[in-house]
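So for the sequence shown, our numbering puts the first residue at 1; every next one is plus one.
FYI, nobody ran anything at the bench for these hints, they're computed from the structure.
BS3-like cross-link-like pairs, simulated, lysine-lysine; straight-line CA separation at most 25 angstroms: (1) Lys43 to Lys141; (2) Lys59 to Lys141; (3) Lys131 to Lys141; (4) Lys168 to Lys232; (5) Lys59 to Lys43; (6) Lys182 to Lys168; (7) Lys232 to Lys89; (8) Lys168 to Lys89; (9) Lys179 to Lys168; (10) Lys141 to Lys61; (11) Lys131 to Lys43.
Label-pair distances were calculated between CB atoms; the ranges are: (12) Phe82 to Phe27: 28 to 38 angstroms; (13) Tyr128 to Leu28: 24 to 34 angstroms; (14) Phe101 to Leu133: 43 to 53 angstroms; (15) Leu104 to Ile12: 18 to 28 angstroms; (16) Val186 to Phe101: 21 to 31 angstroms; (17) Glu226 to Leu28: 44 to 54 angstroms; (18) Val186 to Ile217: 16 to 26 angstroms; (19) Val20 to Phe165: 25 to 35 angstroms; (20) Ala229 to Phe79: 21 to 31 angstroms.
We treat Cβ as the ideally placed atom computed from N, Cα and C, and that holds for glycine.
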Amino acid sequence: MQHLEELRRVIIISIISTFVMAGVCWFLSDLVLRILLEPVTNKGHDIIYIGVTEAIMTKLKLAFFLGFLASLPVTLWQFWGFIIPALRKMERIYFTLFVLFSFLLFIGGVAFGFLVVFRMCVNFLLSYGGKELVPMLTIGKYVSFTLNFLLPFGLIFELPLASFFLAKLGVINYRMMVKARKIAIVASVVIASALVASPEIFSVLLMAAPMYLLYEISATIVRVVEWSAYRKQAGKTFNLKSTFKRLLRKIRRRGAMVE
1 MQHLEELRRV IIISIISTFV MAGVCWFLSD LVLRILLEPV TNKGHDIIYI GVTEAIMTKL
61 KLAFFLGFLA SLPVTLWQFW GFIIPALRKM ERIYFTLFVL FSFLLFIGGV AFGFLVVFRM
121 CVNFLLSYGG KELVPMLTIG KYVSFTLNFL LPFGLIFELP LASFFLAKLG VINYRMMVKA
181 RKIAIVASVV IASALVASPE IFSVLLMAAP MYLLYEISAT IVRVVEWSAY RKQAGKTFNL
241 KSTFKRLLRK IRRRGAMVE
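With the sequences and hints as input, model every part of the structure.
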């Protein structure tokens, strides 16, 4: 019951911090919205809204998304404080590094998704209509598409970190990841197709390619972890042999002294 009460406090603080940061980010929503609309407005297209509440609800959605990102350090720090007392010294170090790098990778994934893949995808899709078709994009659907596009990149960028710790725990190995390469390619295309929601193959490949690249990076990380563990084990074996030889020499010396 004591742990449940502590967990309840952690969840409440995390939710409150998200709402507070969402309120702060509300005043920045216009600036962020202007940045998100750049791939469309730079081509001379306009964004419209067709519902009375569509504009304000879109800004609320964007403010909560920004509030979630801004309050993520507080949320991670709360859960870090909840879990850390149950860990040993080395486990605390690993868990602290895991929390830190998971936050950096998530933000890096969202930034990479917007600055590289999202811009290319939107530019290509808008040019696909040609001069005959005029795009009429609503702000609600555009922002929803943007957030649904960027969030998976933040999660997918956690794959190398998760692979590192799973390899450390012995759950996965390099041979297993090599055998699953075909499955990873198919899964990347399927996930990208579901997220992009477009029949155009180029935009799907734009999203699937970074996913599979991260899988290969994760496989390389797992291989490095295995190689490091092998070197460490070989060093222990070598030290054990040398120690055993020294013990044998001491026994022989003592036997010679007794004789």
